[in-house]
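2 protein chains.
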Amino acid sequence: MAVSGPDTLVIVRDVDSLRRRIAAWRRDDLKVALVPTMGALHKGHLALVQRGLQLCDRVVATIFVNPKQFGPNEDFGAYPRQESEDFQLLAAAGVSLLFAPDVAAMYPPGFATSVRVAGLSEELDGAHRPGHFDGVATVVTKLLLQACPDAALFGEKDYQQLAIIKRLQTDLNIPVDIVGVPTMRDADGLALSSRNAYLTADERALAPALHKAIVAAAASIAEGGDIAAALTTAKAAIAAAGFGRIDYVEARHADTLAPLQNATEPGRVLAAAHLGRARLIDNVAIQR
Amino acid sequence: MAVSGPDTLVIVRDVDSLRRRIAAWRRDDLKVALVPTMGALHKGHLALVQRGLQLCDRVVATIFVNPKQFGPNEDFGAYPRQESEDFQLLAAAGVSLLFAPDVAAMYPPGFATSVRVAGLSEELDGAHRPGHFDGVATVVTKLLLQACPDAALFGEKDYQQLAIIKRLQTDLNIPVDIVGVPTMRDADGLALSSRNAYLTADERALAPALHKAIVAAAASIAEGGDIAAALTTAKAAIAAAGFGRIDYVEARHADTLAPLQNATEPGRVLAAAHLGRARLIDNVAIQR
Chain A
20 MAVSGPDTLV IVRDVDSLRR RIAAWRRDDL KVALVPTMGA LHKGHLALVQ
70 RGLQLCDRVV ATIFVNPKQF GPNEDFGAYP RQESEDFQLL AAAGVSLLFA
120 PDVAAMYPPG FATSVRVAGL SEELDGAHRP GHFDGVATVV TKLLLQACPD
170 AALFGEKDYQ QLAIIKRLQT DLNIPVDIVG VPTMRDADGL ALSSRNAYLT
220 ADERALAPAL HKAIVAAAAS IAEGGDIAAA LTTAKAAIAA AGFGRIDYVE
270 ARHADTLAPL QNATEPGRVL AAAHLGRARL IDNVAIQR
Chain B
20 MAVSGPDTLV IVRDVDSLRR RIAAWRRDDL KVALVPTMGA LHKGHLALVQ
70 RGLQLCDRVV ATIFVNPKQF GPNEDFGAYP RQESEDFQLL AAAGVSLLFA
120 PDVAAMYPPG FATSVRVAGL SEELDGAHRP GHFDGVATVV TKLLLQACPD
170 AALFGEKDYQ QLAIIKRLQT DLNIPVDIVG VPTMRDADGL ALSSRNAYLT
220 ADERALAPAL HKAIVAAAAS IAEGGDIAAA LTTAKAAIAA AGFGRIDYVE
270 ARHADTLAPL QNATEPGRVL AAAHLGRARL IDNVAIQR
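As given, the protein sequences belong to chains A and B, one line each in that order.
Letter by letter, the first sequence follows residues 20 to 307 in the working numbering.
Letter by letter, the second sequence follows residues 20 to 307 in the working numbering.
There are no misleading hints in this set.
Pairs of lysine-lysine, BS3-like flavour, derived with a Cα cap of 25 Å:
{"no.": "1", "chain 1": "B", "residue 1": "Lys185", "chain 2": "B", "residue 2": "Lys87"}
{"no.": "2", "chain 1": "B", "residue 1": "Lys87", "chain 2": "A", "residue 2": "Lys185"}
{"no.": "3", "chain 1": "A", "residue 1": "Lys87", "chain 2": "B", "residue 2": "Lys185"}
{"no.": "4", "chain 1": "B", "residue 1": "Lys62", "chain 2": "B", "residue 2": "Lys231"}
{"no.": "5", "chain 1": "B", "residue 1": "Lys176", "chain 2": "B", "residue 2": "Lys254"}
{"no.": "6", "chain 1": "A", "residue 1": "Lys50", "chain 2": "B", "residue 2": "Lys50"}
The set of hints was computed from the structure by calculation and includes no laboratory data.
Using the sequences plus the hints, can you model the full thing?
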């Protein structure tokens, strides 16, 4: 039986082909990691691949710009698509298999099922992007059950998304380890994001103010400062830097995302704000 | 490695124990069938076991009276529970493993996820039992992912439930074959149901009128009779027999459950009506 080695990246577009290739690895007792992405890859995605290769023998990446997680006025049409560049990056990073289905393969006629995580999905980004996390929960459930990997890796940059995926994995008893990977940042602190491509040079220059403001808030809270005051200061700093609408700057429990009661709980400061065409999100731990 | 044979029925109450035993069979390349039930077993359930044993090497049954699929004014508290009798029936039928979790094992604190099949879940029984099919879809998804069987068997008596489970299996890419098993009936035509236990002797005597009426309607439609007229006649017959409220008597497409346009489509007549404390449902094929 031929088993493709880790050096050859194969692309498949349907679930049967995906499963056939993974089944061949399973027969050789190889462990499989899944890295779901929407493409437009950057070093943050490659950090997920790297972690996957540490945990498992083979890494499967997926590229699917999921229409169900975009609102009617969001950037589904404009979201950057660059499959051939992505393919090269994944091949160089050691990915063995790329699953890149089209929308009809994921949502054929008659598709009617959704997965919803109550509570967590309505907070923070969920309050500003109605339906977004239902779309995320549904597509991630599908990808996990299509590939049945041992581990699946998600970036902490989308911290609320990670919390929702951990919750649905537990609740639905999906047999997989969900692994969060720390956010990758440019030297000036800006979290890597495919949507950073929307920024003009001027906007890019001021974008790190978001990270700087939440780092300062987290430090203040960790030192025992008043939580509300720290968040107000952060919002003022983000606005002063030149951001447009600030959707939220919040201190939350690191696991439940409930409002943080005090600095002795594991906490996280999370923020979302608009800058030109981009809506940037970021979050940092409150390090006691 | 010890593998329990098909003659010994073992009961487990947590997912880890369930998975450990199934994993042992997997190492021996044995195929596994799942028969989810709410207990109070009758010959209809045993027909599911029998079909499971035809398709697979081992049958796992589950008994879980799922609170999420009962409405606030429904019979969750009164639903018949008789685990030791059920255990004997399953052992005699050749079931190898019984998974009988308590509510806290299925829905621990913090549980927040639901699975929903839009459209199909709102029709027929769904219109009369709001939230019922969301509860069914969620618990069945969990059971399928807890056991990861090769096949899972469900009775055609709950025809809409079967259609919803087939839909979510397809939509979420759950790697399992969903198998429908024909309804078992008493000699007088009454579909076997755990809820028949609610009937008094007098009610039991007139209960077969439901089946008789939908068989007549299906025959009339199959012969080219007017669909609406056939359903009106069936409703009148059910009312005349002594049933209380009739929730619906409908002719639907056998796969999509959309209203039947004509007798050349694959069709099904489905009905639900109240009789004393019981709410009885039944359905039959329109045989062309």
